[in-house]
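Chemist: Taken in sequence, the protein lines are chains A and B. Take the first sequence: its letter number 48 is residue 48 in my numbering, and every next letter is one higher. Take the second sequence: its letter number 335 is residue 1335 in my numbering, and every next letter is one higher.
Derived from the structure by calculation, the hints contain no laboratory data. Warning: the hint list may mix true and false statements.
Stated by the list, open to error - Negatives, chain A to chain B, calculated, CB over 10 Å:
#1 A32
#2 W33
#3 V45
#4 I49
#5 G52
#6 P98
#7 I148
#8 A167
#9 E170
#10 S172
#11 E302
#12 V339
Said to hold, decoys possible - Taking lysine-lysine pairs in the DSBU-like style, the calculated list, with each CA pair at most 35 Å apart, reads:
#13 B:K1068 with A:K261
#14 B:K1068 with A:K68
#15 B:K1011 with A:K11
Claimed, not checked - Per label pair, the in silico range of CB-to-CB distance:
#16 A:N334 with B:K1241: 21 to 31 Å
#17 A:I257 with B:G1198: 34 to 44 Å
#18 B:S1330 with A:I100: 38 to 48 Å
#19 B:R1276 with A:Q214: 57 to 67 Å
#20 A:I197 with B:P1103: 30 to 40 Å
#21 A:H203 with B:I1140: 19 to 29 Å
Ideal Cβ positions, reconstructed from N, Cα and C, are used throughout, including at glycine.
Number of protein chains: 2
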Amino acid sequence: MSLIPKNNNLKITIIATGDEILYGELADTNSAWLSEQLFKNGILVSNHIHIGDFQDQIVSLMRELADKADVALFSGGLGPTEDDLTIEAVCELLQVQPVIDEPSLERAKQVYQSLNFEFTENNVKQSMVPQGSRVIPNPIGLAPAFSIQFGQCTFYFLPGVPREYKAILEQSILPELIALKKNFDSAPISYKRVRIIGIPESHLDLQMQPVMQQFPAIRYGFRAHYPEMWFKMLATGQDQKEADKQIASALKEIRKILGLKIMGYDDETLPQVVGRLLSERGLTLSTAESCTGGMIGELLTEIPGSSQYYLGGCITYSNAVKIDLLGVDSETINQLGAVSQTCALEMATGARQKFKTDLAISVTGIAGPEG
Amino acid sequence: MSLIPKNNNLKITIIATGDEILYGELADTNSAWLSEQLFKNGILVSNHIHIGDFQDQIVSLMRELADKADVALFSGGLGPTEDDLTIEAVCELLQVQPVIDEPSLERAKQVYQSLNFEFTENNVKQSMVPQGSRVIPNPIGLAPAFSIQFGQCTFYFLPGVPREYKAILEQSILPELIALKKNFDSAPISYKRVRIIGIPESHLDLQMQPVMQQFPAIRYGFRAHYPEMWFKMLATGQDQKEADKQIASALKEIRKILGLKIMGYDDETLPQVVGRLLSERGLTLSTAESCTGGMIGELLTEIPGSSQYYLGGCITYSNAVKIDLLGVDSETINQLGAVSQTCALEMATGARQKFKTDLAISVTGIAGPEG
């Protein structure tokens, strides 16, 4: 059974154009990001498509989507160089000419002037849009987005640069799509992701059976996301309250079964949970890493406000450094090896003392075939 | 102009199925990986498609591809749960029944026995394939892959788990596709990625103009991949030697123009280049990181053999730790602040002494709105 309900009738296709996607140089993260934003607003995407920088492929895909999709969002191909063909493709399809969007051109000239760069003919191309299209400003980059209507489908065209793609969507297009959704027969959705640590998938499946039987109208999904397991629930209802209530009731049962094995919910990551717990308790933390080489420190410091509780760490990749810096006993390493419980304990103890923290995490092990 | 030559006539479509891709929980990295493997072997993918866990969508996409593609590779939907629908879809299309693949079932039973897990009815599903299909063993997971012929297209179906996906492709399917390519009129390809540091895209474009004019038969591409800029070249030729020769000649000119601004080529990353240069010179390195919180250490230690030259580092997130551990002068922090050149220099000096290395890198700055 699919987690995506079929009564959601707004049909959206997300397309990324660009040869680099087709020869694997670049994974398309824009489509995943946009799908997630839409999903959070109760809109479920129909499909994703990646095609190369060929004008005829863009044109024929547009023809196909004109009577298949309600909305099609293209990205890529709006740059200044010869392999940017999206505008030409749209002009070919609509039998119009590209025209200069004066506000975009003015802005581009100002940007170039402020950077003391020469403004070339090539740069004019980035300010062009197909005649008759609706221009959508780009708040941070040069090429504007634009929208056209063709067949029964509303087409949007955006630059592929992720920063610009996200900025334009957040500022202009997502609000339009959320408003558009109201015209379609789509049921309110409630979605919950339960993030679990310490249970293998097969056991979780068994433990969740009673919940799945008790609430058969909810759609369930499992995903192994090492070191976490995700248990996902999606409910639909006549109104949002009804959908949310189903999830809340199921969640109550899940908490009874899993207890402390639940690490968090939805987007809350392990470093965020660690940070939250340390903050709540007013505790400080340091790290002593060997094979992970600073990864734990990096994960901890990615969280805004982490300087409140994370004071620092040592990357003690060599044995000499473990001894000199963290005070690991050389006998421990000689007799038990650097990859031993005793060494890990001495590393953590050393870090706690060095950094004067309440707690310390240490990791020791062997990374890769050559260390 | 597209980097992908149009005379490559083997038409391959890569499809990933799974709701989680369409609600943005998961970016599809399998398709990027496979595209890259194929590209390295001179095979250029036509397109990528993501669809949800709906049997009718799988069936209608297969019908569509039957006379459009030569090869279609599906992944996902071969698991034991209700949302795994790929086998049902193939059976519906071919009007056959699912049958048990005995070797896969035997193997699955052995795996379950060795793990001391109960083997349930659900698990049998993972050993099933559509009747008449060619079974392709899964060397590391439970569900086998399989292949069918429908219309003019060869369809492959693989599990979506990246580890299993890659293992099956490498062992069985990639060699088949490489052999298949010989039947198609595809020109040999030579591809080179020049990785550059310290030149903005617009300037690189200007500097590369003479090269692009001197070798007009090569296709060129630019990509900003912060902090690097990539200049990409793709040449085709009657034979591999001819294609390679074009790239080699252009590269000679590029080296004259860019000199030391070239960081590396193709897949060689900055941490790899740093490691190679340190190894060649017999030098050792340590790190002192503030706002990057261990990221540099992690990047360095990801490289196999890094323990030869990277001895360790300090994550000195708080000022007190910068002073205590690295010997930064408290006056430096009071008067110039922790984010100052003097502090960075004292951090690096401190790390060099602490870790007894020839070189040290330090980073200090402010990360995020709350530190």
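Chemist: Indicate, hint by hint, whether the structure satisfies it.
Modeler: Here's how the hints hold up against the structure:
{"no.": "1", "hint": "A32", "result": "violated (4 Å)"}
{"no.": "2", "hint": "W33", "result": "violated (6 Å)"}
{"no.": "3", "hint": "V45", "result": "violated (5 Å)"}
{"no.": "4", "hint": "I49", "result": "violated (6 Å)"}
{"no.": "5", "hint": "G52", "result": "violated (5 Å)"}
{"no.": "6", "hint": "P98", "result": "holds (18 Å)"}
{"no.": "7", "hint": "I148", "result": "holds (22 Å)"}
{"no.": "8", "hint": "A167", "result": "holds (16 Å)"}
{"no.": "9", "hint": "E170", "result": "holds (14 Å)"}
{"no.": "10", "hint": "S172", "result": "holds (19 Å)"}
{"no.": "11", "hint": "E302", "result": "violated (7 Å)"}
{"no.": "12", "hint": "V339", "result": "holds (13 Å)"}
{"no.": "13", "hint": "B:K1068 with A:K261", "result": "violated (49 Å)"}
{"no.": "14", "hint": "B:K1068 with A:K68", "result": "holds (18 Å)"}
{"no.": "15", "hint": "B:K1011 with A:K11", "result": "holds (27 Å)"}
{"no.": "16", "hint": "A:N334 with B:K1241: 21 to 31 Å", "result": "violated (56 Å)"}
{"no.": "17", "hint": "A:I257 with B:G1198: 34 to 44 Å", "result": "violated (56 Å)"}
{"no.": "18", "hint": "B:S1330 with A:I100: 38 to 48 Å", "result": "violated (59 Å)"}
{"no.": "19", "hint": "B:R1276 with A:Q214: 57 to 67 Å", "result": "holds (59 Å)"}
{"no.": "20", "hint": "A:I197 with B:P1103: 30 to 40 Å", "result": "holds (35 Å)"}
{"no.": "21", "hint": "A:H203 with B:I1140: 19 to 29 Å", "result": "holds (21 Å)"}
Comparing the model with each numbered hint stated earlier shows that hints 1, 2, 3, 4, 5, 11, 13, 16, 17, 18 do not hold.
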